[in-house]
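Work the whole structure out from these sequences, hints included.
Number of protein chains: 4
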Amino acid sequence: MKLSKDQIKEIQDQQSQINKTKRVTAPKLEEILYEAIPILDHGFIRVVDYMGDDTSIVQSARVSYGKGTKKVSTDEGLIKYLMRHWHSTPFEMCEIKYHIKLPIFIARQWIRHRTANVNEYSARYSILDKEFYLPHPKHLAAQSQSNRQGRGDILDEEKAKKVLDLLKGDAEQTYNNYETMLNERYDGTVIDENSVGLARELARMNLTLNTYTQWYWKTDLLNLMNFLRLRADQHAQYEIRAYADAMLGTVKKWVPITYEAFMDYRVGGTEVSSKGKIIIQKLMKGEKVSIDNSGLSKREWNELMEAFDLKDRLI
Amino acid sequence: MKLSKDQIKEIQDQQSQINKTKRVTAPKLEEILYEAIPILDHGFIRVVDYMGDDTSIVQSARVSYGKGTKKVSTDEGLIKYLMRHWHSTPFEMCEIKYHIKLPIFIARQWIRHRTANVNEYSARYSILDKEFYLPHPKHLAAQSQSNRQGRGDILDEEKAKKVLDLLKGDAEQTYNNYETMLNERYDGTVIDENSVGLARELARMNLTLNTYTQWYWKTDLLNLMNFLRLRADQHAQYEIRAYADAMLGTVKKWVPITYEAFMDYRVGGTEVSSKGKIIIQKLMKGEKVSIDNSGLSKREWNELMEAFDLKDRLI
Amino acid sequence: MKLSKDQIKEIQDQQSQINKTKRVTAPKLEEILYEAIPILDHGFIRVVDYMGDDTSIVQSARVSYGKGTKKVSTDEGLIKYLMRHWHSTPFEMCEIKYHIKLPIFIARQWIRHRTANVNEYSARYSILDKEFYLPHPKHLAAQSQSNRQGRGDILDEEKAKKVLDLLKGDAEQTYNNYETMLNERYDGTVIDENSVGLARELARMNLTLNTYTQWYWKTDLLNLMNFLRLRADQHAQYEIRAYADAMLGTVKKWVPITYEAFMDYRVGGTEVSSKGKIIIQKLMKGEKVSIDNSGLSKREWNELMEAFDLKDRLI
Amino acid sequence: MKLSKDQIKEIQDQQSQINKTKRVTAPKLEEILYEAIPILDHGFIRVVDYMGDDTSIVQSARVSYGKGTKKVSTDEGLIKYLMRHWHSTPFEMCEIKYHIKLPIFIARQWIRHRTANVNEYSARYSILDKEFYLPHPKHLAAQSQSNRQGRGDILDEEKAKKVLDLLKGDAEQTYNNYETMLNERYDGTVIDENSVGLARELARMNLTLNTYTQWYWKTDLLNLMNFLRLRADQHAQYEIRAYADAMLGTVKKWVPITYEAFMDYRVGGTEVSSKGKIIIQKLMKGEKVSIDNSGLSKREWNELMEAFDLKDRLI
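Listed in order, the protein sequences are those of chains A, B, C and D.
1 is the number of the first residue of the first sequence in the working numbering; add one for each residue after it.
1 is the number of the first residue of the second sequence in the working numbering; add one for each residue after it.
1 is the number of the first residue of the third sequence in the working numbering; add one for each residue after it.
1 is the number of the first residue of the fourth sequence in the working numbering; add one for each residue after it.
Note that these hints are calculated values from the structure, not bench results.
Watch out, some of these pointers could steer you wrong.
For chains that are exact copies, the list does not tell them apart, and a pair is met inside one copy or across any two.
As the list claims (entries may be wrong) - DSS-like, lysine-lysine: derived pairs with alpha carbons at most 30 Å apart:
#1 K22 - K5
#2 K20 - K9
#3 K5 - K28
#4 K298 - K285
#5 K275 - K252
#6 K138 - K2
#7 K130 - K159
#8 K275 - K28
#9 K162 - K138
#10 K275 - K311
#11 K9 - K22
#12 K298 - K282
#13 K288 - K275
#14 K159 - K2
#15 K253 - K277
#16 K298 - K277
Listed below in structure tokens is the structure:
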């Protein structure tokens with residue numbers, strides 16, 4: 001990631017602010033506020049605003065349950081209870097806003113999370129930066145044979161080089177032709193003073209999906225956790241997981257108690273179906289179990305055994 | 001409105017905070033942060049948290065439109081442009097959280113605005129306060145004869161007194177019986193040590209709809225304006241308008257430029273249908289107009305004439 | 001539940017329709033379309049429209065995953081897979097609309113599910129029916145001592161009678177005074193021709209929370225399942241559970257494959273935290289376990305043991 | 001647009017269904033159900049399911065307003081009233097589902113309308129079709145000089161040819177390299193049996209933004225109208241307007257009364273700010289008006305004059 005002079009200046013200006021407020025603050029998050037955390041080759045995330053902290057969740061829960069929450073004496077106990085029992089609204093009382101730079105094909109996955117507020121850089125109005133995502137060779141994997149949406153083995157050096165050459169060559173060529181059609185370079189220089197450029201809203205269609213875009217993305221803590229649960233998961237595509245992992249780090253600085261509960265109950269936890277429960281119960285009693293008559297499919301059986309690390313029972 | 005000792009202490013504690021932050025702040029709003037603004041006889045609103053200010057809207061718009069916004073040189077010009085053209089997402093970048101005390105029948109109207117986060121005091125867990133809304137006599141109006149959902153003339157003194165006696169008597173009696181069923185007073189005193197009380201989740205059904213409840217209500221600026229446009233309108237029920245009017249005051253302190261644009265384009269503006277436009281155009285040309293062949297119903301005609309203050313053309 | 005003549009006529013008219021359509025239909029659901037299923041003493045639910053069936057879910061999933069879904073050969077296998085892995089969007093492709101009559105205090109719980117479309121009978125415009133919820137004595141329970149929001153033992157006969165007398169007396173009195181203030185009876189009769197009534201939007205505040213209201217409520221299958229998972233749960237208040245249980249029955253008729261998957265993975269399933277997983281793994285290996293050093297609270301420990309029916313390990 | 005054999009077969013199968021239902025139907029819409037309406041060079045829209053019709057809106061409004069709606073005697077009068085006064089929830093009672101094929105850069109605009117349900121063809125799982133959007137020369141316009149997001153004059157023949165050559169060449173080359181990286185052709189043929197292909201979730205990043213994708217898109221009538229109001233507007237990008245215009249045609253067949261009201265009050269109507277209202281009022285009285293002291297900016301002034309077709313007053 002390389003920031004432009006303007007961006008460096010903007011971040012410095014933002015970070016040099018010292019304002020007084022009666023609102024609650026999250027001191028650990030304040031330390032990294034506005035800072036660009038590099039992701040992939042040209043991307044970044046920056047926390048640019050936030051509202052509330054762990055105590056805001058507790059405050060909301062206590063207004064709901066009134067004296068009913070007195071028994072749960074500590075804030076930590078209450079937050080863990082809320083997380084365990086899927087209470088949702090108290091976690092909506094915290095809000096965070098990120099500035100994110102990311103490749104378009106990842107932006108397309110990301111935007112499917114609808115309960116967020118977004119302002120994206122518009123290529124109808126302005127020229128996109130000349131930056132494309134080119135994966136590090138260790139992330140260039142073959143199509144998985146067993147999983148239609150997964151990755152298999154890493155490509156060997158020669159194949160990886162060939163892929164990168166194609167990606168790089170095509171991205172550069174299409175970007176150059178984008179400039180030609182616009183009659184304008186990425187830095188605003190006009191190419192031919194005696195000619196006119198194609199409308200930006202049309203020329204952009206020539207760009208490849210690994211071109212970087214950027215947006216402001218704002219959401220509440222509940223929906224952020226829903227996003228992270230899916231996108232920091234090992235089944236998520238590596239490129240979006242890279243963003244999700246960095247965001248998890250910011251959540252830890254922002255609402256540390258909620259973060260611990262989230263990791264324990266959501267990220268590290270597992271779900272067991274009613275049929276799966278019967279198998280687990282038998283195993284705990286030392287009874288014999290078998291997929292026959294379990295009502296489980298082979299795939300389901302294996303998912304259950306993997307969840308509890310029973311590798312010798314995989315079939 | 002009378003605050004309890006605990007509430008006064010809580011507000012004082014909240015207001016005495018002086019935290020440092022790198023976030024933007026809204027100084028005028030900070031001045032009234034946490035303060036309980038009285039509404040109706042026992043209600044209030046308090047701003048308890050916020051995120052962003054006018055510059056946050058501008059910042060988001062500028063990331064969207066990039067260099068495209070340079071022509072609109074001032075923040076004010078840009079915000080007015082966004083409001084006029086119904087741009088929505090930049091206004092979603094600001095968030096505000098209120099603590100509100102309000103009668104249940106108003107809460108039922110309010111909650112129909114779905115794009116907000118809410119934690120309400122739960123009468124399943126805790127006993128509701130012994131407070132009911134009793135309208136001031138000047139708000140006790142007869143059913144309108146012309147408008148099925150409106151109010152007509154103010155009741156005369158004698159009728160108003162009778163209504164207030166009924167409202168007060170019924171609210172007190174049902175609350176007393178609520179306590180009897182709970183075997184517990186509003187202040188936690190047990191009535192009969194040798195008896196048990198009905199479950200709170202059941203006993204609450206005996207309360208009248210003018211009983212006060214309270215909640216934390218958090219929303220973004222766009223949805224807040226949608227709420228205020230409907231609820232600060234003269235057609236809204238007086239009781240919810242009283243809340244909306246007070247909230248408009250907080251918006252003015254929070255995002256003054258947006259507030260001005262909102263009052264000009266939304267609150268004070270009007271809409272004209274394609275058929276209505278033809279009438280207006282004729283009037284501007286000094287041509288004769290009539291409801292015949294206009295395609296307008298009588299009701300529509302009158303709404304149009306009223307919108308432009310053409311009272312002599314009402315039919 | 002007693003339907004008015006008008007309602008009976010309306011249902012008969014609706015049920016006598018025989019229209020031709022190229023849309024998919026759900027024959028079992030068609031059989032009970034428009035039928036009023038009684039709930040509580042005066043409430044009901046009626047399915048009044050729907051869109052899609054199990055095949056609509058499959059169709060959407062197959063467009064998403066393209067040839068990727070060919071391996072899962074059957075519709076049932078695919079729906080189970082989608083449910084197990086929390087895929088959400090395919091289930092949003094089905095939509096259902098209910099007409100529901102329910103007590104106001106239950107409507108207030110219900111409306112907190114925001115992702116639904118609602119049109120409620122408006123007491124600003126019209127007079128509410130003279131019907132109140134009076135619980136059957138077997139549902140009149142004392143406040144639970146262990147659970148702040150739960151019910152404990154059933155009240156004895158004498159206490160139950162006293163409670164019912166209070167509920168009935170107050171509901172009738174407040175309704176009578178509502179009529180008095182309106183100067184109009186529930187059936188539209190004017191009480192005193194020479195007087196005027198209080199505006200309906202005001203008079204309604206005198207009603208108790210067990211008064212019945214009604215609404216059209218429309219939602220997609222995903223959000224319906226989220227609703228049912230919470231409200232058909234044993235921890236939900238009995239009165240809303242009664243509605244949720246009847247709705248489960250309609251889901252079974254509408255999308256039978258999805259219903260089975262939902263019951264297995266969501267309703268009958270359980271979640272295990274990362275700390276809980278370690279305990280379960282030890283139990284399966286026959287190792288000793290104890291709450292000490294488990295990181296679990298007493299409450300959490302007991303919830304885990306109960307989920308797997310290990311009653312002798314409760315502490 | 002050219003449909004594949006499989007698609008033609010699927011549409012024929014769907015259209016040959018004749019099911020009986022007690023639900024309301026929209027006969028005009030049934031006639032075109034499932035039919036692929038061509039848009040742009042390779043795109044289409046198809047209505048694949050729907051729920052409700054004009055009477056469903058009326059039914060919901062009448063449950064809300066009860067006897068209050070009796071005065072508005074006709075369905076048409078009621079729907080017009082609801083539209084004029086921005087009533088929203090009755091229009092949410094109708095739902096429609098489309099199958100849409102569209103270029104990715106248009107899909108990226110479209111998806112910003114969040115209140116819809118979407119299942120998109122996934123390029124993580126499957127290979128995208130070899131189809132790219134190449135504009136008709138009459139739509140190849142230069143960047144507007146006055147409007148940062150608009151189009152100006154049509155390119156001359158020579159320039160248009162050059163642009164199309166670039167677009168076509170780049171789309172084909174990047175698609176060919178996509179196949180090379182996948183080691184698989186668009187039709188599933190393996191290129192080199194002894195080699196492995198790059199994971200699909202990676203290879204897709206090489207495609208250009210004019211590649212076609214497809215999705216099922218379901219929304220309610222209210223949100224559909226919000227979409228159409230923005231996207232069938234003359235300021236919308238031509239390519240999305242082409243879809244919106246075709247969808248308007250389906251709305252007309254589905255809910256003809258609502259369609260008329262929508263065209264009159266929303267599409268053909270205009271808004272006037274409080275400052276603009278003063279100017280209009282003066283014009284109607286034959287008074288002199290000028291931008292000075294009007295509080296309007298030049299841009300605002302011109303927008304107002306254009307709205308009322310007062311071209312000689314443009315400045």
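Hints, one by one, checked against the model:
1. K22 - K5: between (34 Å within a copy, 21 Å between copies)
2. K20 - K9: both (23 Å within a copy, 22 Å between copies)
3. K5 - K28: Classified as within: same-chain Cα gap 27 Å, cross-chain 34 Å, threshold 30 Å.
4. K298 - K285: Answer is both; intra-copy 23 Å and inter-copy 23 Å each pass.
5. K275 - K252: Between copies only: 19 Å across, 36 Å inside.
6. K138 - K2: within (22 Å within a copy, 40 Å between copies)
7. K130 - K159: So K130 and K159 pass the 30 Å test inside a copy (26 Å) and across (24 Å) alike.
8. K275 - K28: So K275 and K28 pass the 30 Å test across copies only (27 Å; inside, 44 Å).
9. K162 - K138: Close inside one copy (14 Å), not across copies (39 Å); limit 30 Å.
10. K275 - K311: Both: 19 Å inside a copy, 19 Å across copies.
11. K9 - K22: both (28 Å within a copy, 15 Å between copies)
12. K298 - K282: The answer is both: 18 Å in one copy and 24 Å across copies each meet 30 Å.
13. K288 - K275: Intra 15 Å, inter 25 Å, cutoff 30 Å: intra and inter.
14. K159 - K2: Cα proximity of K159 and K2: one copy only (28 Å, versus 36 Å across).
15. K253 - K277: between (36 Å within a copy, 27 Å between copies)
16. K298 - K277: both (16 Å within a copy, 22 Å between copies)
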